[in-house]
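Enquirer: Listed here are the chains, written in short residue letters.
2 protein chains.
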Amino acid sequence: MTKAEILKSSHFPWLETEGTDTDVVLASRIRLARNLKDVPFPGRADFSQLAAVREQVEGVMPAIAQAMDQDFEGIQLEELSPLELSVLVDKRLISPALAKNPQHREAIISADTRAVLMVNEDDHLRIQCQAAGFELDKPMAAALRIDDIIESQLDIAFDETMGYLTALPTNLGTGLRAIVYLHLPGLVFTKNIQSIAGIAPQLGLAVRSLFSDGKEASGCLYEISNQLTLGFSEKEILDNLKNAVAEIVAHERKARKALALYMKDQLEDKVWRSYGALRYARLLNEKETLELLSWVRLGLDLRLLGEVDRDSFGDVLIASRTSCIQYLADSENLSKNETDRLRAEQVRNVLAAHSQQKG
Amino acid sequence: MTKAEILKSSHFPWLETEGTDTDVVLASRIRLARNLKDVPFPGRADFSQLAAVREQVEGVMPAIAQAMDQDFEGIQLEELSPLELSVLVDKRLISPALAKNPQHREAIISADTRAVLMVNEDDHLRIQCQAAGFELDKPMAAALRIDDIIESQLDIAFDETMGYLTALPTNLGTGLRAIVYLHLPGLVFTKNIQSIAGIAPQLGLAVRSLFSDGKEASGCLYEISNQLTLGFSEKEILDNLKNAVAEIVAHERKARKALALYMKDQLEDKVWRSYGALRYARLLNEKETLELLSWVRLGLDLRLLGEVDRDSFGDVLIASRTSCIQYLADSENLSKNETDRLRAEQVRNVLAAHSQQKG
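Top line first, the protein sequences correspond to chains A and B.
Just so we're aligned: the first sequence equals residues 120 to 478 in this note's numbering.
Just so we're aligned: the second sequence equals residues 120 to 478 in this note's numbering.
Fair warning: there could be bad hints in the mix.
One copy or any two copies: either way a pair holds, since identical chains are not told apart in the list.
As a list, the in silico SDA-like pairs of lysine to any residue whose alpha-carbon atoms are at most 25 Å apart [unchecked claim]:
#1 Lys354 <-> Arg173
#2 Lys122 <-> Asp358
#3 Lys383 <-> Glu407
#4 Lys383 <-> Asn452
#5 Lys383 <-> Glu451
#6 Lys373 <-> Glu254
#7 Lys455 <-> Ala365
#8 Lys406 <-> Gln385
#9 Lys455 <-> Glu198
#10 Lys406 <-> Glu192
#11 Lys257 <-> Phe351
What the hints contain is simulated information worked out from the structure, not anything from laboratory work.
Please work from the sequences and hints to get the whole structure.
Expert: Here you go:
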């Protein structure tokens, strides 16, 4: 995708629904933190040093593009408006930290948007690779392939005892953060989500809500990631996360089965009404959209609802973000009412495009 | 319509939307109370007397059918099940009082269902004629035409001073009850309905909710009728009611205009969401159905919603009554959940049949 397409699109391959366990796992992501040797971390580097880092990373890109067999689009963040930066953050293509100080920062994004190199985030380089569904191995392999090329051409800060050196101690060692995005309506509805979030730290994992409204997770969307990067091999880190996610997936399915069995009519009603609201509402706020979307996705996954395809979920999820609505309207100064009106319109359009059978 | 069709149908000409002021007035009804001379009122008559009354009225029917240029279907109420009786009451074809003691009671219904002769209700005969919209003159003329034939062939209790004698003193004199059915969402929403209901008694009128849930009118549906039958001519009674209704219609339109002007987005949202809920819900109770239906009708009348035709309102209104759902399922012993499930299904079917453009 070109920069313009990336900013405009609401469809990303890593939110598609063909893949492993996509009834519960939306996507999986690997992120490797790397730094250049003998260059201050970005937080302490001056502009000329940041510019030099960017230049060095850009120099490696042709080799990476060839190895990954696709083009990469380098987006200079200082050229983006604050709204455009928000759009990239909301689309989860770049981190909030990268967008915070756009000067001499860059996001280098692969044509399929699965791979992103963030330059001068907390670390000089963050290699981010993602895939749809429960799939950590492929993005890990992709990230390591990119890392191999980086390390073959650039001098990366690595300590024999500590491992990869990083700006934050929480990334030290492997520099690996593996994240799995989960949709857990069953566990939320049966009130089991808290116990899972409670156990996670003991397993070296963190459970967070993907879109949080205070302490509640809007739309039953969560992310679970490894907390520890040091003292374990990359394989151990991934295996630990995989085991935990596999457990959560099993629990979630059990909870859904119980709901579908004991509250069949109420569940179908909720699912279809939610679809009806997304389909017909003229005002939708961000939080309600996520909640309605969650029920619709559950209905799609339980095959209670057949009017739209499952990929509509990811598309609505992205398209309904306030930043994307503002970007579409080319204005950051929309009133809340106007934003909600445009959001409802946009949601209807996206759903209509996904309708297999109308009416 | 035949008896079977009357019991099954949910479409009645007097709920159609072609007519005068049908944006506010659903239907108008005239009812004349008449009694045979020297026969005890039904509440005091024995079975042989009731049977004789029925026989006398039936004897006049050929002449009435000829004058009205349509067939009449005589339904002997003792042949109906309690559920079938409820269906006729809920369809507002017969009064609850007629259904209460079905023995020797009869409803003689014209083919277009606009005219109904109720035999042995509180009075020996109640002539009921109705029309769609704000139209009291035509049903009045029809009722008087029927009455003329009745009076030309039967000996009707009439006192030169008192007028027509009736079982209840509230019907004495003209025996005329004129009723107008109104949909008043604007006045309900702007909280002006109470003042109108408060003024009515001073005008000799009564305002009641059509479907009441405690003291609230479900679906913003009201009926307004004359309270006084004695001491005024039929024309005076009708003119008084007409003037009041014309005032209410004007107020209601003003309230709607204000809503459409000052709360445009919220109103559209409410209308479309209500349509979406009726269109997609899997469980609907009677009260919520009326409320959703009210918003949909308002949306149709304000031309905010174009997906269904306006006649869908009357059809859903009738089809969604619990008695009609039970009749359709051929069971009075449905659970609440099952009733609500079938109601939602029925509402979807009726709306789908009325959809001009699906989706």
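Enquirer: If a hint holds in the structure, say so; if it doesn't, say that too.
Expert: Each hint, compared with the structure:
1. For the homomeric pair Lys354 and Arg173, neither the shortest alpha-carbon distance inside one copy (30 Å) nor that between copies (92 Å) is at most 25 Å.
2. Taking identical chains as interchangeable, the C-alpha atoms of Lys122 and Asp358 are never at most 25 Å apart, the minima being 35 Å within one chain and 72 Å between chains.
3. In the homo-oligomer, the alpha carbons of Lys383 and Glu407 lie at most 25 Å apart both inside one protomer (23 Å) and across protomers (20 Å), since each shortest distance falls under that limit.
4. Taking the closest pair of Cα atoms, Lys383 and Asn452 come within 25 Å of each other only across two copies (21 Å); inside a single copy the shortest separation is 44 Å, beyond that limit.
5. Taking the closest pair of Cα atoms, Lys383 and Glu451 come within 25 Å of each other only across two copies (23 Å); inside a single copy the shortest separation is 43 Å, beyond that limit.
6. With identical chains, the CA atoms of Lys373 and Glu254 are at most 25 Å apart within one copy only, with a shortest distance of 21 Å there and 60 Å across copies.
7. In this homomeric assembly, Lys455 and Ala365 never come within 25 Å of each other (Cα to Cα): the closest approach is 40 Å inside a single copy and 40 Å across copies.
8. Taking CA atoms no more than 25 Å apart as the test, Lys406 paired with Gln385 passes in both settings, with 22 Å inside one copy and 17 Å between copies.
9. In this assembly of identical chains, the alpha carbons of Lys455 and Glu198 never lie at most 25 Å apart, being 27 Å within a copy and 61 Å across copies at closest.
10. When the C-alpha separation of Lys406 and Glu192 is checked against a cutoff of 25 Å, the pair qualifies neither within a copy, at 32 Å, nor between copies, at 57 Å.
11. Taking the shortest alpha-carbon separations for Lys257 and Phe351, only the intra-copy value of 20 Å comes in at or below 25 Å, while the best inter-copy value is 90 Å.
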